[in-house]
Amino acid sequence: MDRIKKFIADIGWPRAIIALFLLSLFVLAPFVNVRIDSSISDTLVRFGMNGILVLAMVPMVQSGCGLNFGLPLGIIAGLLGATISLELNALGFLGFFTAIAISIPFAVVFGFGYGQLLNRVKGGEMMIATYVGFSSVAFMCIMWLLLPFRNPTMVWGYAGKGLRTTISVQEYWGGVLNNFLSLRVGEFFFVPTGTILFFALMCLLLWMFFHTKTGSAMSAVGANPEFARAAGIHIDKMRTLSVILSTLLGAIGIIVYEQSFGFIQLYMGPFYMAFPSVAAILLGGASINRASLTHVIIGTFLFQGILTMTPSVINSMLQTDMSEVIRIIVSNGMILYALTRGVRVKSR
Amino acid sequence: MKKREAAFNLKRFLMANIVPIIFILLSIFAIPISQFSASYLIQEMLIRLARNSFLVLSLLIPIIAGMGLNFGMVLGAMAGQIGLILVSDWKVIGLPGMALAAIISTPLAIALGWMCGAILNKAKGREMVTSYILGFFVNGLYQLVVLYLFGYLVPIRSPELVLSRGYGIRNAVNLLGIRNCLDYCIPLTIHGIKIPLGTFIVIAVFSFFIIWFRRTKLGQDMRAVGQDMEVARSAGIPVERTRLISILISTVLAAYGQIIFLQNIGTLNTYNSHEQAGMFAIAALLVGGASVAKATLPNVFVGVILFHLMFVVSPMAGKYLIGQAQLGEYFRVFVSYGVVAVALVIYEWRRARERAYARRMFRGEA
Numbered sequence: 001m002d003r004i005k006k007f008i009a010d011i012g013w014p015r016a017i018i019a020l021f022l023l024s025l026f027v028l029a030p031f032v033n034v035r036i037d038s039s040i041s042d043t044l045v046r047f048g049m050n051g052i053l054v055l056a057m058v059p060m061v062q063s064g065c066g067l068n069f070g071l072p073l074g075i076i077a078g079l080l081g082a083t084i085s086l087e088l089n090a091l092g093f094l095g096f097f098t099a100i101a102i103s104i105p106f107a108v109v110f111g112f113g114y115g116q117l118l119n120r121v122k123g124g125e126m127m128i129a130t131y132v133g134f135s136s137v138a139f140m141c142i143m144w145l146l147l148p149f150r151n152p153t154m155v156w157g158y159a160g161k162g163l164r165t166t167i168s169v170q171e172y173w174g175g176v177l178n179n180f181l182s183l184r185v186g187e188f189f190f191v192p193t194g195t196i197l198f199f200a201l202m203c204l205l206l207w208m209f210f211h212t213k214t215g216s217a218m219s220a221v222g223a224n225p226e227f228a229r230a231a232g233i234h235i236d237k238m239r240t241l242s243v244i245l246s247t248l249l250g251a252i253g254i255i256v257y258e259q260s261f262g263f264i265q266l267y268m269g270p271f272y273m274a275f276p277s278v279a280a281i282l283l284g285g286a287s288i289n290r291a292s293l294t295h296v297i298i299g300t301f302l303f304q305g306i307l308t309m310t311p312s313v314i315n316s317m318l319q320t321d322m323s324e325v326i327r328i329i330v331s332n333g334m335i336l337y338a339l340t341r342g343v344r345v346k347s348r
Numbered sequence: 001m002k003k004r005e006a007a008f009n010l011k012r013f014l015m016a017n018i019v020p021i022i023f024i025l026l027s028i029f030a031i032p033i034s035q036f037s038a039s040y041l042i043q044e045m046l047i048r049l050a051r052n053s054f055l056v057l058s059l060l061i062p063i064i065a066g067m068g069l070n071f072g073m074v075l076g077a078m079a080g081q082i083g084l085i086l087v088s089d090w091k092v093i094g095l096p097g098m099a100l101a102a103i104i105s106t107p108l109a110i111a112l113g114w115m116c117g118a119i120l121n122k123a124k125g126r127e128m129v130t131s132y133i134l135g136f137f138v139n140g141l142y143q144l145v146v147l148y149l150f151g152y153l154v155p156i157r158s159p160e161l162v163l164s165r166g167y168g169i170r171n172a173v174n175l176l177g178i179r180n181c182l183d184y185c186i187p188l189t190i191h192g193i194k195i196p197l198g199t200f201i202v203i204a205v206f207s208f209f210i211i212w213f214r215r216t217k218l219g220q221d222m223r224a225v226g227q228d229m230e231v232a233r234s235a236g237i238p239v240e241r242t243r244l245i246s247i248l249i250s251t252v253l254a255a256y257g258q259i260i261f262l263q264n265i266g267t268l269n270t271y272n273s274h275e276q277a278g279m280f281a282i283a284a285l286l287v288g289g290a291s292v293a294k295a296t297l298p299n300v301f302v303g304v305i306l307f308h309l310m311f312v313v314s315p316m317a318g319k320y321l322i323g324q325a326q327l328g329e330y331f332r333v334f335v336s337y338g339v340v341a342v343a344l345v346i347y348e349w350r351r352a353r354e355r356a357y358a359r360r361m362f363r364g365e366a
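As they're listed, the protein sequences go chains Y and U.
Using our numbering, count along the first sequence one by one with no gaps and you end on 348.
Using our numbering, count along the second sequence one by one with no gaps and you end on 366.
Bound-form chain U, shown alone (with noise of 0.2 Å):
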């Protein structure tokens, strides 16, 4: 009896964590393929982990609440980006830019995150196609702002962001005033390989401020209404108000990750960055071994860690295997859609198969 339970714990841990285990193994068998040393790689890890984790971070609030993977935290990322054009424009550079950008961002992205989280509460059950579909929509608004109203309503001064014909933004945006003025504000450099401290400090701070989050009333209110709506509202919780919560702080937080994410990178693509910024971050999130229903912040740091090794190493062990790069490049492209294919199908099969359960349960056949 024992130990068929053992094996079953065994079968239980890897359906659990099937795909974080496949991505390892497609790892270990990439890596040396691909020819990169040692230190590139793990230069190059540490500086996707300090580029990508705030994005990953902001979608854990979303999913303690119930309301899956926030698909519309590219809401916030155009928030962050429409703050981060201004400041460009406005010439501040450095820490106070960047800060000056967040402090630009933050309205907008209030005001966002609660037409979003206004409209999740009317499409109950269908959060995630609703932010998926929403995200689409806002970036037409975002465009539309940016490309027509950018320098006819909002002066804009500087000529070299402007489109020749007088207004709108070009299509990237230099943002060399504020590029990696977090990420190496605090010199570290160990065995050759730089370390991008000040922002690994601000990503320690806000997974702190997740994990004490959790514990507040208003983190409880959330996880008993990600639980059970009817319940959490019969307790007296106010359910509409604590989605909107939820969705209202993620947007936020995207908004920040966004300008974290490109002040690392240094140039802004004005009309395409938002978009893979949530595609990839919850691709890496469900790498990570997040499921639409739980997530830790282990899965968001395994999970970007893994999915940008893949990232780097597979257009090179394409390259190396089959002879084209391309194909590789396209191998990673299937990759970031298929986990969250699997992931997803894994999770709604699991719901039906406890739906079915508690039928079973119900008419005393169990």
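Same shape as in the complex, but just chain Y (with noise of 0.2 Å):
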């Protein structure tokens, strides 16, 4: 019984509710008529889709500057790079690669500046994170409806100009990654081999990333930034890299999500799209000042298998569409979680 207790010690009581919870949905699904194959599989897409959003939160966490609530900023670098790479009528992987290329330059710009804002505002980075992710979007708005952009599949007919809110991309490079090396076991179970293959890659470049001199440098700066301006690294320096990491990482993250979803959401589609992420990785075990790779795959699987689980069995067993309540419930639970807890205070 102590050795449960300890257990349940060390994992966190919401994360272990959490847990027993989807396991207990996987459970219950055969008995609802829930195909269990398809569950997996569409838990499995969705952890590739979602995965590499939520790696964005690691290398801010890690440097100390908080859960990257202005993830928004980096996903808007994204939109560009898609939107962009449409407009040359880019296609397959070329097109996906196009996407990336031109996101990259403006999630680093993006990721200079806001890293150069959160510097300055120290201790006091997550609320003005929020606010940075819901102004840029807010600002993007304005630039969609104005930026001159001429395909006709993205633009409103009738106008000639401003794009639309939704645009498919089914038809340049949607689902490239999710086919690619898929695997199809009978009529429902699919693995989007391609996506996840791509995730790894992101999640290996980063755990190198993370075992050279720059990389432990930016996780010193986390864990004991005295210690850090001691040892003669440069903090302020540290924090701008790791910022443009997330950002840039949103940034291909966005793109992979799209390719997998097969639209672009202009936009207000971006405004929320940070909390699921943050919910995510803190379901994983992370707290707001030390986060892992385990942490990321850990809490992703958990988070999508809930989203995927809930609709399905729950609705089938109470005949109501409960999913968007327990989603909101569960994922903020978590990050209020996070929050009150880990109160070491960080030095200033």
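It cannot be assumed that every hint is accurate.
[Unchecked claim] Derived DEER-like restraints, expressed as beta-carbon distance ranges: (1) Y/Ala16 x U/Phe29: 31 to 41 Å; (2) U/Ile322 x Y/Arg120: 32 to 42 Å; (3) U/Glu354 x Y/Leu94: 29 to 39 Å; (4) Y/Pro105 x U/Pro107: 54 to 64 Å; (5) U/Gln326 x Y/Gly262: 45 to 55 Å; (6) Y/Gly157 x U/Glu160: 57 to 67 Å; (7) Y/Pro105 x U/Trp212: 23 to 33 Å; (8) Y/Thr153 x U/Glu275: 47 to 57 Å; (9) U/Leu149 x Y/Gly262: 35 to 45 Å; (10) Y/Glu187 x U/Tyr148: 33 to 43 Å; (11) Y/Leu205 x U/Leu149: 42 to 52 Å.
[Claimed, not checked] Computed footprint of chain Y on chain U; a stretch qualifies when at least three of its residues, placed anywhere within it, have a C-beta under 8 Å from a C-beta of chain Y: (12) 107-115; (13) 132-146; (14) 188-198; (15) 347-360.
Rather than coming from a laboratory, the hints here were simulated on the basis of the structure.
Using N, Cα and C, we set each Cβ at its ideal position, and we do this for glycine too.
Using the supplied hints, reconstruct the complex from the two chains, each of which is provided in its own coordinate frame.
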């Protein structure tokens, strides 16, 4: 009994409850005529779709900038890349990588500015990040209307200008990663191998980065800024670099998300996108000043698992759609839990 | 020497009031373009002052206690809405209906405020982001209650309130019974402009309450806690309790504020009204020149007028300027988020500079 208690204390109550909840959903599924194989397949697809967006939390948390509520900024860089690649009529894998290539300079510039801003507001990063995200999304709403895009599949038909709210990428580079080396067993089971491989590649690159000299310096800044300063590490530079990395991963993440989802969502679409990613990494065991790749992988799987399973299982059980409410309570409850814990006062 | 000081003060004044100044300039630019008549704008501003001031007032007390902008005021707004839903189900109309809604929402708001205060005491130094997420979290609970339990555990008799499936409240609740009952309970019209005198009287009473409250023992304790928690603690002030009470008062006031807001509008948007309440109240307060650490009554009223002036004017200005009303719409969304971002950045920036200055003083380099 003591061992169970200690185990639960180690992984944290909310995490244990949610993991058990997910497990019970999988157990219940066959009894309410929900196919396990299609559920697992859906979970895998969503896992690949959202993984990199969750990964975008890691650099900033590690360097002590807190949870990246400003993820929409990175997403905007990705959206710019995606829309411009469509404007260039780039197809298939070429289109997908064109989108990423175009989004990189945007992400670096945005991330640099955002990093400079966050360096001046140490201690209040998270609230400001949230509002930087919101205001940049709102600003881009204006820009999507005004930017001179011409591709007829993207702009409003009657006006001939101003981008649509959702743009299909199906005929350009929709599903290129999902279908790459994909595995299909029977009618319901599908593994998006390409997307998961790409996610694994990103994880590997980030893992390698954190084992270089710069990477470990970055972690040191987050773990103990005073010590890092004494060791001769340029704190502000490391923090800026981490913000650029996070923004960049956000940009790549949204492009991967779009190729799987099939649509680009503009205007208010990216508005709340930071919250599911924040919740996912916290669910995986990260705190507001420590996050690892394991946290990303476990967290994304748990969170997306719940998102996939609750609608189907709960709906067949109760005959109502409670998934949205459960999603709100679980994700925000998780963030709330993390914010009220880990009260290690940051040295300033 | 003197001259330099004066120049410095002017710069300081501009820096301190940069947000309201930008808004005044924007309004001067946008009002002529929008082609609205003066009497229309005055009427509109009076209505919006009556509608929003009380909600903004509810933000003041946590700022005194050093807890920043209380994004958790949406909790109070939700309590107020539950009161209104029940009152419109029981068909109590007019001022008694409003009073009953306030009475129902009070215990709810106290419970929610207590919870919010207790949670924020566990997240010192991160109050704003925590209260912000708490708002989302309680929004989930609110949806659970209103969408699933109302009409199922809580009896709702009026079929026009309930979704066709038999439980859960509809998206829009008509508040015709209490619409404008407070605003125009004392009819007054000057030059064809209707003045919502009743609400103004309530707002004035609560402004005096806040002035009075600041001078009480509790109010002074809150100021001390807001200045420095450790010093306040060693002076024998129960820090946690004082902070909790400040949030509690704010939540209850927000509940009343939401009831006043919705009696002016006349329809309750069951699942959206409260979300916007917090956002717009905070933006309005900051537009009025308040900061995260300091807010006064003039900030409230100047802020409501300037913010909503822009709100009314910008879609039309966008339409005449570029030919798209949608553009002005997005512009005002951008401004309402941007202004909060700017205010937060200025506040943290200043705090970082003060910390650096204190460090230099400590080393004796000043």
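Checked hints:
1. Y/Ala16 x U/Phe29: 31 to 41 Å: violated (57 Å)
2. U/Ile322 x Y/Arg120: 32 to 42 Å: For arginine 120 of chain Y against isoleucine 322 of chain U, whose Cβ atoms are near 34 Å apart, the range 32 to 42 Å holds.
3. U/Glu354 x Y/Leu94: 29 to 39 Å: violated (53 Å)
4. Y/Pro105 x U/Pro107: 54 to 64 Å: The hinted range 54 to 64 Å holds for proline 105 of chain Y and proline 107 of chain U, with Cβ atoms some 56 Å apart.
5. U/Gln326 x Y/Gly262: 45 to 55 Å: Violated, since glutamine 326 of chain U and glycine 262 of chain Y (Cβ atoms, about 26 Å apart) do not stay within the stated range.
6. Y/Gly157 x U/Glu160: 57 to 67 Å: About 39 Å separates the Cβ atoms of glycine 157 of chain Y and glutamate 160 of chain U, which means 57 to 67 Å is violated.
7. Y/Pro105 x U/Trp212: 23 to 33 Å: violated (58 Å)
8. Y/Thr153 x U/Glu275: 47 to 57 Å: violated (34 Å)
9. U/Leu149 x Y/Gly262: 35 to 45 Å: holds (37 Å)
10. Y/Glu187 x U/Tyr148: 33 to 43 Å: Holds, since glutamate 187 of chain Y and tyrosine 148 of chain U (Cβ atoms, about 34 Å apart) stay within the stated range.
11. Y/Leu205 x U/Leu149: 42 to 52 Å: holds (48 Å)
12. 107-115: violated (count 0)
13. 132-146: holds (count 10)
14. 188-198: With 0 residues in contact (Cβ-Cβ under 8 Å with chain Y), the coverage given for the segment 188-198 of chain U is violated.
15. 347-360: holds (count 6)
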